[in-house]
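Work out the full structure, taking the sequences as your base and the hints as a guide.
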Amino acid sequence: MQEPDLKIIKLLKSGNQKVFESIFQKYNGILFVYAKEYVVDTEVANEMVQETFLKLWEVKDTLSDNTTIQSYLYRITRNNCLNYLKHLKVHEKYKKLTIARRMEISLNYSALSADSADKIISEELEEKIDFAIKSLPPKCKLIFKMSRQEEKKYKEIAEELNLSVKTIENQILKALKILRKHLEDYITIIIMLLLNNF
Amino acid sequence: MKSQELITKYLNNEASQSEIQELKSWIDKSEENRNEFALQKNSHALLASQIATGKSNSEPGQILVKNRAGKKIETSLRKIYGIAASVFFPVLLIVTAWLLYTQYQKANQEIYTEFIAPPKHNSQVILSDGTHVWLSPESSLKYTNSYGQRDRTVELKGEGYFEVEKNPDKPFIIEMDNANITVLGTSFNVEAYPEDKLIRTTIVRGSVEIASEKLFESMVLTPGDQFTFDMENNNAYVEKVNTEIYRLVKDGLLLFKRNNLSEICRKLERWYMIPIEYDDTGDDNLLFTAKFEDESIETILKIVNETIPINYKYINNQIKVEKMKKQ
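Residue numbers (the working numbering), protein chains in the order written: chain C, 1 to 198; chain U, 1001 to 1327.
Just so you know, the hints here were simulated from the structure itself, not pulled from any lab data.
Model, not experiment: these values are computed from the prediction.
All C-beta atoms, glycine included, are put in the ideal place defined by N, C-alpha and C.
Misleading hints may appear alongside valid ones.
In silico lysine-lysine, BS3-like type, Cα no more than 30 Å apart, as pairs [to be verified]:
| no. | chain 1 | residue 1 | chain 2 | residue 2 |
| --- | --- | --- | --- | --- |
| 1 | U | K1170 | C | K155 |
| 2 | U | K1170 | C | K181 |
| 3 | U | K1120 | U | K1302 |
| 4 | C | K89 | U | K1240 |
| 5 | U | K1302 | C | K155 |
| 6 | U | K1009 | C | K166 |
Examples of chain C residues toward chain U, derived with CB under 7 Å [as the list claims (entries may be wrong)]:
| no. | residue |
| --- | --- |
| 7 | K13 |
| 8 | G15 |
| 9 | I30 |
| 10 | Y34 |
| 11 | E37 |
| 12 | D61 |
| 13 | H87 |
| 14 | T98 |
| 15 | I99 |
| 16 | A100 |
| 17 | M103 |
| 18 | I105 |
| 19 | A111 |
| 20 | I120 |
| 21 | L183 |
As structure tokens, then:
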């Protein structure tokens, strides 16, 4: 994933709007889901992502050539969300939150401010996920690939494989569970390595 | 519940308020727990975002796709309007005026039906789509003749138990002072007496969504959830309760569901049409749950007395109820 980014960074630095737009198209959805996981509110999540892209446009000249765009965008979004959650308590909005929502926000803040939130945004994230996909059981892997890489709907996959939609859903859930475990193990190893260095 | 189970539920957005509370106290116990939770939450967030990249299966992706499509439609419409406006402006004006006029006429023709349940009975109302409502005494249900056309909207004052016929295309909406409940098909109880400044809904089957300008975001409730919205203190909370007793409303019984003394008095007042004077100062911590079939108010007060010690007497066609002083 390093090489294409090199070209993109160059074009971006030259102020190419088309490239900026294509970056926006590619990562807008990803970052929105990521932000919403922490800030919960849809509107706020949208704001966070917009700020991220504004920031990218502002600092594009200072980007180093070997920046990985995806992890860079994740990091800015993380900072935006952290800032938002940090100051939410003094916000007028906070008073109107339900008790459950307040607890949720405080749990999310504690997760997002932890080391693992930064460590997990690794340069090799996509490779890591691709590698983890390889370890899925065959049927699970096939279904997951059809869904994620070929962008087929559950119904289409079900028809093609002659299975029920429910089965497809279950297999995708199973895949996600295994992938999550893989990512967690990976992060644990990184954190342990770092700790050993000190 | 095991911590892993709690975390998984939380990550899947399925944790209730009390489960979130439980998780929070588990996390606060040790740094290790905190890191374990953070790791799982962060992995989950990243993975969810990676999987949801505009793929048509995932919901957030779908929302984004829709937004984009929505924008496109909007701009092309605007173009069309632009051309149309310049060429056909006078025609448009007439058409618009005519449309507004017919709309206005229609609005004036709107007919509504209102049911008011008599005292001493739960009244059953069956709506045109097969939805059943059991109204508590003196509660009212109002709907217009457009019920079932685009959606199914009713207005509720008081208390009702609902069994809503499933129809995903036409959501069932209950309008109350200060809040709305939206349902697709389910059974649940609603209490919304305007004078109580309190809305309480209990879900028996299915799920409902409650929205209010006084709530930050709408909330989805699932079976066993009892949502209470205290409008005086602007406080909303969800509790898990046993819902078995709510099914009995259908049998026309007088029910008390974890009610305190002041709630009992107000309910008896509505049921028996007798003014009840009750001084509700002091604590009202004792709760009373019971069902009655065709009993006199004296019998009920006697039985209440077994749980919540009270004195009561008749004075000029009204009943005076007092809490017994502690000995």
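Hints versus structure:
1. A threshold of 30 Å between alpha carbons decides the hint, and for U:K1170 with C:K155 the separation of about 24 Å falls inside it, so the pair holds.
2. The hinted pair formed by U:K1170 and C:K181 fails the criterion: a straight-line CA distance of about 41 Å is larger than 30 Å.
3. Restraint check for U:K1120 and U:K1302: satisfied, since their Cα atoms lie roughly 19 Å apart, inside the 30 Å limit.
4. A threshold of 30 Å between alpha carbons decides the hint, and for C:K89 with U:K1240 the separation of about 28 Å falls inside it, so the pair holds.
5. Distance check on the hinted pair: U:K1302 and C:K155 sit about 62 Å apart at the alpha-carbon level, beyond 30 Å; violated.
6. Between U:K1009 and C:K166 the CA atoms are separated by roughly 20 Å; this keeps the pair inside 30 Å, and the hint holds.
7. Checking C:K13 against chain U: minimum C-beta separation of about 25 Å lies over 7 Å; hint violated.
8. For the restraint placing C:G15 at the interface with chain U, the shortest Cβ-Cβ distance is roughly 25 Å, beyond the 7 Å limit, so the hint is violated.
9. Given the 7 Å rule on beta carbons, the hint for C:I30 holds: about 5 Å separates it from the nearest Cβ of chain U.
10. The interface hint given for C:Y34 holds, since its Cβ lies 4 Å from the closest Cβ of chain U, which is under the 7 Å cut-off.
11. Taking 7 Å as the C-beta cut-off, the interface hint given for C:E37 holds, the closest approach to chain U being about 4 Å.
12. At its closest, the beta carbon of C:D61 sits 27 Å from a beta carbon of chain U; the interface hint therefore is violated under the 7 Å criterion.
13. For C:H87, the shortest C-beta to C-beta distance to chain U is roughly 16 Å, which exceeds 7 Å, and the interface hint is violated.
14. Restraint check, C:T98 versus chain U: the minimum CB separation of about 5 Å is within 7 Å; hint holds.
15. Interface hint at C:I99: satisfied, since its Cβ lies 6 Å from the closest Cβ of chain U, which is below the 7 Å cut-off.
16. The restraint placing C:A100 at the interface with chain U holds, with a minimum CB-CB distance near 4 Å, inside the 7 Å limit.
17. Nearest Cβ of chain U to the Cβ of C:M103: about 5 Å, under the 7 Å cut. The hint holds.
18. For C:I105, the suggested interface contact is broken, since its CB lies about 11 Å from the closest CB of chain U, more than 7 Å.
19. Here the hint on C:A111 is kept, as its CB sits about 4 Å from the closest CB of chain U, short of 7 Å.
20. This hint holds: C:I120 has a C-beta 5 Å from the nearest C-beta of chain U, less than the 7 Å allowed.
21. With 7 Å as the threshold, the beta carbon of C:L183 comes within range of chain U, its nearest partner Cβ sitting at about 4 Å, so the hint holds.
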